[in-house]
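As they're listed, the protein sequences go chains X and S. Using this note's numbering, the first residue of the first sequence is number 6, and each one after it goes up by one. Using this note's numbering, the first residue of the second sequence is number 721, and each one after it goes up by one.
Misleading hints may appear alongside valid ones.
Stated by the list, open to error - Below 20 Å or equal to it, Euclidean Cα-Cα: the simulated EDC-like pairs (lysine to aspartate or glutamate) are:
#1 X:LYS7 to S:GLU843
#2 S:LYS838 to X:GLU10
#3 S:LYS800 to X:ASP407
#4 X:LYS135 to X:ASP236
#5 S:LYS846 to X:GLU10
#6 X:LYS405 to S:GLU803
Hints listed in this document are in silico derivations from the structure and should not be mistaken for laboratory results.
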Amino acid sequence: MKAYEALPLALKGLKERKVRSALTIMMVVIGVALMTALNGMASGFDVFLNKQISNLAPNLLILSPEPFIGERFGSPQGPSIVLTDASLSILKSLPKVKEVYPAYIGGVKVSSKGKSLDKNLLGLEPYVIKKIVPSIEIHSGSMLNTGQSNGVMLGYNVAFPPDGPFAKVGDTITIEHSKVVEQAGVQKMVKDRRSFFVIGIFKPTDQITDNMIVVNMDVAKTLLKKESSYDRIYILTEDIKDNGFVESGIKQLYGDLVSVTSPQSIIKTVQELLSGWEAFVASIGGVSMIVGSIGILAALYTSVLERTREIGIMKAIGFSRGGILLLYLSESISIGILGGIIGLGAGMVAGQILTESVMRSLNAPPIEPVFLPESLLLVFLLAILFSVLAGIYPAWRASKLDPVVALRRE
Amino acid sequence: MSLTNHYPLILEDVHKVYRIGEIIVPALQGVTLKVRKGEFLSIAGPSGSGKSTLLHIMGLLDRPSKGKVIIEGKEASLLKEREAARLRNEYLGFVFQAYNLINRMSALENVELPAIVKGVSREKRKRRAQELLSLVGLGDKTDRKPNQLSGGEQQRVAIARALMNEPSIILADEPTGNLDSKAGGEITKFFKKICEEYSQTIIVVTHNPEVAKATDRTIYLRDGLIVEERVNK
Ligand SMILES: Nc1ncnc2c1ncn2[C@@H]1O[C@H](COP(=O)(O)OP(=O)(O)O)[C@@H](O)[C@H]1O
Ligand SMILES: [Mg+2]
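Pulled out of the complex, with its shape left as it was, chain S reads as follows (with noise of 0.2 Å):
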C-alpha cells in the first residue's frame, strides 16, 4: 500500500497571504498536516485564526502564496484549472454553515448535481440520490424545495450531495454554525456514522466544543499556526 493510500490529503507548510491594497494579512503561516484515511478530524480555533481558509485551500478553491497541498497523491499546484475542477467534483464534497443548496432546484436535484457534472447517467444518479436522501432520513421529502425544508433538513441535503460521488474527504466549514443544538447533534451524529459505517474521512472546522469531542483528533489554529494537536477519546 503506498503513503498515499494512508493519507488521502497532506498539507506541508502551508502559507496563504492576503492582500488589501498594501496592508498584508497573513492568513496561514506555515501549517503542516496528514490527514488519515477514514479519520474523523476537526479544526478549532477563535474567529479569524484562518479555518476557513485552510478548508479552501484543502478542497482546491484556493491556492496556497506558498507550500503543498496532495490530495490523493496528486498535487494541486501542478493542477491545471479543469484537473482540479475535476478533483473538487470526484473526490471532495462540501458542506457549508449556510447550506448552500440551490434554491430553485428540489432536494433530489441538488443531490444530483455532482453526478451531472462527474457525467453519471439519469438513471443511476437518480437512483443514488434518492438512497442518499433516504439514507439522511429524508427519503420522503425528495421534491421539496430547500425552502420548504428546516435548517436541519437543509443541512442534510448538503450532505447527501457531498455524498453523492462518493468522495474520498467531506469537507465541512461550521456545519452546525446555524442549526439549534438539537439539528446540530444529529448532523455531527450522523458524520460519525458514516466516518465508522463507511471509513469516510471528514474534515470539519468548528467552534462548538461539543462537535470537536465527537471527532477523532482536533487541531488548534491561531493566527494562521496550528497551536495545539488533541486526539479524542
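So that you can see chain X by itself, here it is in the shape it has in the complex (with noise of 0.2 Å):
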C-alpha cells in the first residue's frame, strides 16, 4: 500500500466512532491549547519587557539608597545611607566610570481641566534624559531648558491616557505633593501645589517614560521637599563590559546601604523569572499531553477490540502487518494534527483572554501575547510525537493479531 492511501482509510475510521474521535481530539486540543496560551504569555511578558529595557544605555546603572519599601511607607528614620555631591564626585572618580548624574524622584498629584493623575515626577537635568535613555524623541513642543523653573515635559502616557487626552504643549497645569511631617512630636500632612506650563510631550518610550513627569532638579527638590540626599544617581560607565567591574566598585563603597539596578541585571532577573515560567508551562504542557496520550491510547485500544474481525478481513484482502500498523498508526496522527490544529487556535484565543484578564487583575499595563512561529511548530510537532508514541501500542496490536482467529470470531 502507498502510505498517503493510509490517511483516507483513518480518517473514515474516526468518522465512523465520531463522539468517541470527537472527544479523543479534545483531550489532545486540551493540551495544546494549555501549553500555546501560557506560552504565548510567557513569550509576551518577554517582549514587553525586553522593550522596555532596551529603550536604557546599556552602560547605565541606576544606583539608589536602600531601602526602597521604608521610603514608600514612609519609615521615619528615611534612607540610611545620604547621596549628597561628595558621593558623586567619589563615584565619579571610579576606575571605568564615565559620567554620573543625581535625580530627585517622587510621587506627586497632576491636574489639568479638572482631571488629575497620579504620577512620579523625575526631577533631574534635561540633557540626562537623552544619556539614559538614548532612543527618546519629542513628539510635540520642545525641551525643557535647563534651570527653566515654570516648565515641565510629559510622559505620552501622562499626555494622552488611554481616556481621553490629558493636556497639550502651552497648557497649564498644577502639581501637588503632600508629605507627612513631624511638628512638636504631632504628625501633620503638609501639602504644597505649584503651576507649570507644558513645554514638551515626549513620544511613547516604554512603560516607565511614559508615565513620568520632569522638571528641572531644583523645582523638584522644592517641591518634593527634599534635603541632603538624591533618590537617583545614574552611573554610565565607559563600556557595557565594565557593568560588573563598576557595580562591585560601589558595592565595596557602600555595600547593602544602596542597590545598584542596570538593565543587563534586570534582563537577567526577568530571564530567570520566566525561565521559572517555563518550567511550570513546560510541566503543565507535559501532563496534559500525557493525559491525552492515555486517551489516545485508550480510545485506540478500544477500536482495535472492536474491529478484530474487521482486521482479519484486511489482512484476508491483502494487508500486511507493516499495512495495518500503518493503518492505526495513521488515525492516531490523525487524532494529533486534527487535535494539534484546532488546539493551536484555540491556545492563541484563550491566551489572548488569559493574559488580558492577569493583566487587569494585576492593575498591570496591558501586554499582548506573542506566539512565535517556533514554539507554535515545537507544541504541534509536540502533539504528533506524543499521539504516535500513544498509537504505537494498538497498531501494534492489530497488527499481530491472527486472521484465522479474528475471521472465525462470530
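Two chains, each in its own frame: build the complex with the hints.
Shown next as C-alpha cells:
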C-alpha cells in the first residue's frame, strides 16, 4: 500500500466513531491549547520587558539608597544613606565610570482641566534624559531648558491617557505633593502645589518613561521637600563590559546601603523569572499531553478490540502487518494533527483572554501575548509525537492479530 | 508450459493440529490435492471435518503443521509475512459466509480496497470497481453501505471485491450459507459463469448438494481427510 492511501482510510475510521474520536481529539486540543496559551503569555512578557529595557542605555547603572520599601511606607528614619555631591565625586572618580547624574523622584498628583492623575515626578538636568534613554524623542513641543523653573515635560501616557487627552503643549497644569511631617511630636500632612507650562511631550518609549513627569532638578527638590540626599544617581560606564566591574566597586564603597540596577541585571532577573514560568508551562503541558496520550491509547485500543473481525478481513484482502500498523498509526496521527491544529487556534484565543485578564487583575499595563512560530511548531510537533507514541501499542496489537482467529469470531 | 501453469494450487500431505491446552485436535490429517487452472472445485463434508481450516491454509491465512502448500509455483512455508500478504492480495480472492464487508465503506470502496493495497491508481481502481459491480448486477448501487443492501447483494459485492485484482484463485467458504435458495442459486450461477467465461479458478466450501453439483469436481472431507472425490457431469 502507498503510505498516503492510509490517511483517507484512517479518517474514515475516525468518522465511524464520531463521539469517541471527538472526545479523544478534545483531549489533545486541551493539552495543546494550554501549552500555546501559557507559552504565548510568557513570550508576551519577555517581549514587553525587553522592549522596556532596550530603550535604556546599555552601559547604565541606576543607584538608589536602600531600603526602597521604607521610603515608600514613610519610614520615620528614612533612607539610611545620604547621597550628596560628595558621593557624586567619589562615584565619578571610580575607574571605568564615564559620567554620573543625580536625580530626585517622588509621587505627585497632577491636575489639568478638572482631571487629575497620580504619577511620578522626576527632577534632573533635562539633557540627562537623552543620556539614560538614548532612543527618546519629542512628540510635540520642545525640550525643557536647564533652569527653566515653570516648565514641565510629560511622558506620552501622561499627556494622552487611554481615556482621552489630558494636556497638550502650552497648557497649564498643577502639580501637588503631600508629605507627612512631624512638628512638636504631632504628625501633620503638608501639601504643596505649583503651576507649570507644558513645554514638550515625549513620544511613546517605554512604560516608565511614558508615565513620567520631568522638571528641573531644583524645582523637584523644593516641590518634593527633599533635603540632603538624592534619590537616584545614574552612572554611565565606559562600556557595557565594565558594568560588573563598576557595580562591584560601588558595592565595596556602600555595601548593602545602596541598590544598583542595570538593564542587564533586570534582563537577567526577568529571564530567571521567565525560565521558572517556562518550566511550569512545560510541566503542565507535559502532564496534559500524557493525559491526552492515554486517552488516544484507550480509544484506539478499544477500536482495535471492536474491529478484530475487520482486521481479519483486511489481512485476507492482503494487508500485511506493516499495512495494518500504518493504518492504525495513521488514525492516531490524524488525531494528533486535528487536535494540534484546533488546539493551536484555541490556545491563541485563550492566551489572548488569559493575558488580558491576568494583566487587568494585576493592574499592570496591557501586555499582548506573543505566539512565536517556532514555539507553535514545537507544540504542534509534540502533539503529533505524543499521539504517535500513544498509537504504537494499539497499532501493534492490531497488526499481530491472527487473521484466522479474527475471522472465526462471530 | 510449466507444471504450475496447469496447477495454480497444489497441496501435499497437509496436516494441521490445533492444541487447546493438553488436548490435541487434529483438524487436517494429510490432505493431498491438485487444483487445475479454471477448475470449479467444491469441498464438502460434515461440520468440523476441517473444510474451513483447509481453505484458510490454501489462502495463506494459516500455516500447515506439516506438508506443503504451493501457490502459483511458490511454496508457502518459505514466504515471509509480507510476501504471503502480497500473494493473498494479488493471487487470491476471499468470499466468506458472513459477507465480511467493511460497514463504514460504500460498496464501491469495499471493492476498491484490494487495489488500494496493491497500489493501483485511484482512477484506474475506481473504474474497475465500477465495472465489477455492474458485472454482479449492482451498477446502480455502488454508493450504498453494506447495511443498505440485502444479503445476496452484499455477497455479490464481496465477490466483486474478490475479483478486483484478477486473482488466480477465488476461495469461498460457504458463500450461500446465509442466503435463501434463490439468492444462493444466483451466487452459484455467477461463479459458474465467471469460471466458464474467464476460466477463473474457484474453490468453494459447501454442504449444500445443489452447489456441489454445479461444480466440476467435489471432494468430501471427514475428520480432516479426503474420503471421496467425485467429478460432476
Ligand atoms: N483455533 C482452533 N483451536 C482449536 N481447534 C480448532 C480451531 N479451529 C478449528 N478447530 C477445530 O478443528 C476442526 C475443524 O474445524 P473447521 O475447519 O472449522 O471445520 P468445518 O469448517 O469443516 O466445520 C474442528 O474440530 C474444530 O473444532
Ligand atoms: Mg467451516
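Status of the hints after comparison with the structure:
{"no.": "1", "hint": "X:LYS7 to S:GLU843", "result": "holds (15 Å)"}
{"no.": "2", "hint": "S:LYS838 to X:GLU10", "result": "holds (11 Å)"}
{"no.": "3", "hint": "S:LYS800 to X:ASP407", "result": "holds (15 Å)"}
{"no.": "4", "hint": "X:LYS135 to X:ASP236", "result": "holds (19 Å)"}
{"no.": "5", "hint": "S:LYS846 to X:GLU10", "result": "holds (14 Å)"}
{"no.": "6", "hint": "X:LYS405 to S:GLU803", "result": "holds (16 Å)"}
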